[in-house]
Amino acid sequence: MSGTTVTRADLSEAVYQEVGLSRNDSANLVETILNEMVESLTRGETVKISSFGSFSVRQKGQRIGRNPKTGEEVPILPRKVLVFRASHVLKNKINRALSKAAAKAAAPAAPTPAGATSSAPKS
Amino acid sequence: MTKSELILKLAERNPHLYQRDVERIVSTVFDEITSALARGDRVELRGFGAFSVKRRQSRTGRNPRTGEAVQVSEKAVPFFKTGKELREKLNTKG
Numbered sequence: 080m081s082g083t084t085v086t087r088a089d090l091s092e093a094v095y096q097e098v099g100l101s102r103n104d105s106a107n108l109v110e111t112i113l114n115e116m117v118e119s120l121t122r123g124e125t126v127k128i129s130s131f132g133s134f135s136v137r138q139k140g141q142r143i144g145r146n147p148k149t150g151e152e153v154p155i156l157p158r159k160v161l162v163f164r165a166s167h168v169l170k171n172k173i174n175r176a177l178s179k180a181a182a183k184a185a186a187p188a189a190p191t192p193a194g195a196t197s198s199a200p201k202s
Numbered sequence: 050m051t052k053s054e055l056i057l058k059l060a061e062r063n064p065h066l067y068q069r070d071v072e073r074i075v076s077t078v079f080d081e082i083t084s085a086l087a088r089g090d091r092v093e094l095r096g097f098g099a100f101s102v103k104r105r106q107s108r109t110g111r112n113p114r115t116g117e118a119v120q121v122s123e124k125a126v127p128f129f130k131t132g133k134e135l136r137e138k139l140n141t142k143g
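Line by line, the protein sequences are chains U and V.
Taken in order, the first sequence gives residues 80 to 202; the numbers are from my numbering.
Taken in order, the second sequence gives residues 50 to 143; the numbers are from my numbering.
Certain hints may be false.
Negatives, chain V to chain U, calculated, CB over 10 Å [what the hints assert, rightly or not]:
no. : residue
1   : Gln-68
2   : Asn-112
3   : Pro-113
4   : Gly-116
For the chain U half of the interface with chain V, some residues (derived, Cβ under 10 Å), not all of them [as the list claims (entries may be wrong)]:
no. : residue
5   : Thr-83
6   : Thr-84
7   : Thr-86
8   : Ser-91
9   : Val-109
10  : Ile-112
11  : Leu-113
12  : Val-117
13  : Val-126
14  : Ile-128
15  : Leu-161
16  : Val-168
17  : Arg-175
18  : Ser-178
19  : Ala-181
Distance condition first, Cα-Cα at most 30 Å in a straight line; then the derived DSBU-like pairs of lysine-lysine [as the list claims (entries may be wrong)]:
no. : chain 1 : residue 1 : chain 2 : residue 2
20  : V       : Lys-138   : V       : Lys-58
21  : U       : Lys-179   : U       : Lys-127
22  : V       : Lys-103   : U       : Lys-148
23  : U       : Lys-127   : V       : Lys-52
24  : V       : Lys-103   : U       : Lys-139
These are calculated hints, taken from the structure and not from any lab test.
The C-beta atom is built at its ideal place from N, Cα and C for all residues, glycine as well.
Model the full structure from these sequences, guided by the hints.
Set out below in structure tokens:
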């Protein structure tokens, strides 16, 4: 697949195209959305975006790590980490796109997949 | 916080916008991330984090109850890596 990177600029461009606010306002709104999510998460809340996924904060305990280069033992302090769980809707969308791409790639080379693979993509 | 609470907050902060428009803005942002991932693209939001898609090869799994071998087909899973700034923020408060 293409392997390009989408950034804030692309998100604000999409908002600009879709809603018709000024480019400046669109960029500010994208920023505000992210800020609100960050604030909620730093308060320790879970952020749930339906049909996209949920972000939650998990507390990690202290453990002993090791510097892989020197072999030296280093304590890893207790800390908070952010976990993202993708919703099924998002997972399905990604996989549907993936199997379509695979079907396209496979079709010219092997016109009859002959049902040999159980992973035969549904079109 | 849920998506609708996020929409309410944004509407409060932007009284000049219709709530309907705020809803569209929020949906557009997440839809845009979704379609980028569906294309296999990465989404990088500095200070927040990056979304990417990881491929999992097909494998032979096992039904844990019966022990029966099951073919699990190739799949892609969305992955999120927390940005540095957000990671630090989570650990400064509380």
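Comparing the hints with the structure gives:
1. Gln-68: 13 Å, holds
2. Asn-112: 15 Å, holds
3. Pro-113: 20 Å, holds
4. Gly-116: 19 Å, holds
5. Thr-83: 5 Å, holds
6. Thr-84: 5 Å, holds
7. Thr-86: Cβ of Thr-86 of chain U sits 6 Å from chain V, so the hint holds.
8. Ser-91: 9 Å, holds
9. Val-109: 6 Å, holds
10. Ile-112: 6 Å, holds
11. Leu-113: 5 Å, holds
12. Val-117: 6 Å, holds
13. Val-126: 5 Å, holds
14. Ile-128: 5 Å, holds
15. Leu-161: 4 Å, holds
16. Val-168: 8 Å, holds
17. Arg-175: Status holds, d = 8 Å.
18. Ser-178: Holds, because the Cβ-Cβ distance from Ser-178 of chain U to chain V comes to roughly 9 Å (cut-off 10 Å).
19. Ala-181: For Ala-181 of chain U, the interface hint holds, since the closest Cβ of chain V sits about 8 Å away, which is under 10 Å.
20. V:Lys-138 to V:Lys-58: 21 Å, holds
21. U:Lys-179 to U:Lys-127: 29 Å, holds
22. V:Lys-103 to U:Lys-148: 28 Å, holds
23. U:Lys-127 to V:Lys-52: 6 Å, holds
24. V:Lys-103 to U:Lys-139: The hint holds at about 24 Å.
Hint compliance for this structure: no hint is broken.
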